[in-house]
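Here the structure of chain A is known, so what remains is to put chain B in place on it, guided by the hints.
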Amino acid sequence: MFFNIPYIAVVVLALIGLATVLFKRNLIKIFLGIVILESAVNLFLIALGYREGGIAPIYTNAPAGEEMVFSTVQALTLTSIVIGVATTAVMLTFAMVLWKKYGSIETNKIRRLKE
Amino acid sequence: MSQDVINVIIAQSPALLIAIPLVFAFFCPFIGKISNTVRNIWVAAGMALTSAIALILAWDVYAFGTRIYVFGAQAANLALPMDSGGIPVRIIFTVDPMSALMQIIAAITGLAIILYSISSEQRHSGLSSFYTLYLLMITGIMGMVSTGDLFNFFVFLEILSIASAGLIAYRVDKGLAVEAALKYFVLSTIGALAILFAIGIYYGEYNALNIAMIASRMQFTVLDQVALVLIMAALAMKCGSVPMHFWTPDAYSMAPSSITAMLVVASQASLYGIFRVLFTLYNVTLNTATVGWIIIVLGVLSMVVGVTMAIPQKNVKRLMAYHAISQTGYMLLGVGVGLAVLGNQPLMDSFGYVAMEGGIFHIINHAMYKGLLFLTAGAVFFRIGTYNLNKMGGLGHSMKWTMVFFIIGALAIAGIPPFNGFASKWMIYESVYVFNPILAVIAMVVSILTLASFVKVFHSIFMGPKLPEHADVKEAPLSMLIGMGILAVIVILFGIFPEAVVNTLIAPAAHALTNQGAYISAVLGGA
Chain A
22 MFFNIPYIAV VVLALIGLAT VLFKRNLIKI FLGIVILESA VNLFLIALGY
72 REGGIAPIYT NAPAGEEMVF STVQALTLTS IVIGVATTAV MLTFAMVLWK
122 KYGSIETNKI RRLKE
Chain B
212 MSQDVINVII AQSPALLIAI PLVFAFFCPF IGKISNTVRN IWVAAGMALT
262 SAIALILAWD VYAFGTRIYV FGAQAANLAL PMDSGGIPVR IIFTVDPMSA
312 LMQIIAAITG LAIILYSISS EQRHSGLSSF YTLYLLMITG IMGMVSTGDL
362 FNFFVFLEIL SIASAGLIAY RVDKGLAVEA ALKYFVLSTI GALAILFAIG
412 IYYGEYNALN IAMIASRMQF TVLDQVALVL IMAALAMKCG SVPMHFWTPD
462 AYSMAPSSIT AMLVVASQAS LYGIFRVLFT LYNVTLNTAT VGWIIIVLGV
512 LSMVVGVTMA IPQKNVKRLM AYHAISQTGY MLLGVGVGLA VLGNQPLMDS
562 FGYVAMEGGI FHIINHAMYK GLLFLTAGAV FFRIGTYNLN KMGGLGHSMK
612 WTMVFFIIGA LAIAGIPPFN GFASKWMIYE SVYVFNPILA VIAMVVSILT
662 LASFVKVFHS IFMGPKLPEH ADVKEAPLSM LIGMGILAVI VILFGIFPEA
712 VVNTLIAPAA HALTNQGAYI SAVLGGA
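One line per chain: the protein sequences are A and B, in this order.
Residue numbers for the first sequence follow the numbering used here, so the first one is 22 and each next one is one higher.
Residue numbers for the second sequence follow the numbering used here, so the first one is 212 and each next one is one higher.
Keep in mind that the hints were calculated from the coordinates and are not lab data.
None of these values were measured; they are calculated from a predicted model.
Among the clues, some could well be false.
Short derived list, chain A residues pointing at chain B, Cβ under 10 Å [what the hints assert, rightly or not]:
no.: 1; residue: Val31
no.: 2; residue: Leu39
no.: 3; residue: Asn63
no.: 4; residue: Phe65
no.: 5; residue: Leu66
no.: 6; residue: Val94
no.: 7; residue: Leu97
no.: 8; residue: Thr100
no.: 9; residue: Val111
no.: 10; residue: Thr114
no.: 11; residue: Phe115
no.: 12; residue: Lys121
To list a few chain B residues with every Cβ distance to chain A over 10 Å, as calculated [stated by the list, open to error]:
no.: 13; residue: Val219
no.: 14; residue: Ser427
no.: 15; residue: Val440
no.: 16; residue: Asn647
no.: 17; residue: Ile707
Heads up, the beta-carbon is just placed ideally off N, CA and C, and yes, glycines get one too.
This is chain A alone, in the form it adopts within the complex (with noise of 0.2 Å):
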């Protein structure tokens, strides 16, 4: 039940993440969905990773006979949120220059491509 947390957060981030894209007009709450989604990816993978009593796979440190943590959904997490920074440094840079073109970040104004 306990151990069950994490991942019942995981749902709950990613549900409102996806509400946030879903029902907001505003680009930059749209933006932070986006980013609280990511939240949800990366608490799944941090949590798929997580051994009781495991410890850190320093071989230098490691005393004999410990069951170590295979470090690899660390690794993809770290990755993720570094790709995470950079699409959201995107997304930022579309919303600057469209305030800059529109005057305005509301998606119901922004709809100038259907003609």
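Quick look at chain B alone, frame taken from chain A:
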């Protein structure tokens, strides 16, 4: 000595395929400080080198079978380190004939487009970043199609998305292009997160990220079904299939034409992702008939909706973008029929393989003729500055070569012999007809509508008297013509010798895709 060099290049080619465009991309802004000409040479050299490596690797794969390349191991083919207990812990590139085919597509189109864009982009500023992003796009595509590791696939997918979004928005165009790029980017970020979530599910279940390893342990539990739905939805969105197609016309029409042609290849890399997941990761553990029919329905919807939306369009690139959606439907239809009968050997032999070969052949053909069509639209825009069909007319008098290339592309997309579109569509028609005649009839009707639509486009761009406002229009510059010419020659050659192409390139790819055991044993050995 030279023999040694060649051997090293062949041995290291999967790594070089990623490293060369990356290195050329990173140095591009610095080289751009020297002069524009030097930078153009640098970029063209980088792309030519990448294409050469891709073709060498493809030749090697077609001649000697699947290649694996393990990053950071003592030997490039040492997938399983001695002390790992039979688990491939390192990042592995697995290049089988299907991957090699996609590399050939990216290499040829990429080279043609670089030659084209040297002229087509010369009037714009910020070209160093343009070419940097372009080479990053190539890196992303090459990485996506050659990786044998799911997380790696996600990383390259994101590289591709970020680079593409930057390029779609490249000509701000009063904000319209940024709007299109934003739409594309928000969708693909959410899609990529769905893929990452699915990768997490696989890792949690099978303790592996390697495609071959997961495939060998695949149970097809409920969790795997959830993961399949997430990946399929995300990748179907990225390849622009109906009902997730709405970003395609915006992004394709607002991007510079050279980039639009590359976006077609990028969509096909996502299509490759779908096929890799379905055939290599799941294969017969799926309920193949159900999933096959889902793919078929997606394909038919894309075909019909794409072509009907295309007919009323006024903007020539928007129109072509809807046709791109419709053509993606053919590939999904062909491969979907193959998937529906997967595991049933007699049916596979009688029409399943032909359907898959048709679908896969259509991928390469589509990249060539659709790339060509977008490039001709770009050439017209380069001279008259509008995409609006109502403002064009009579250009056939002054842009003869562009007109010839447009005719070649238009006849190919409509499936008229002797062009390549006919060859692959014919394979799809005859095999799908055996499977289910109604589907084949729909495919043919869509083809006729495509022809009708392109006749209209041809008429409004090139036919009629010379318009006074276009009186001083000249032919497109030489390097643009060369870029289009390369694609046009391939369209014709593939149309005249379809048998040879299918036997040497397509059939090995289709068989590699269906043969899951060979893929697994190439990485894990024995099995």
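* **Numbered hints the structure breaks, given as an ascending list** => none
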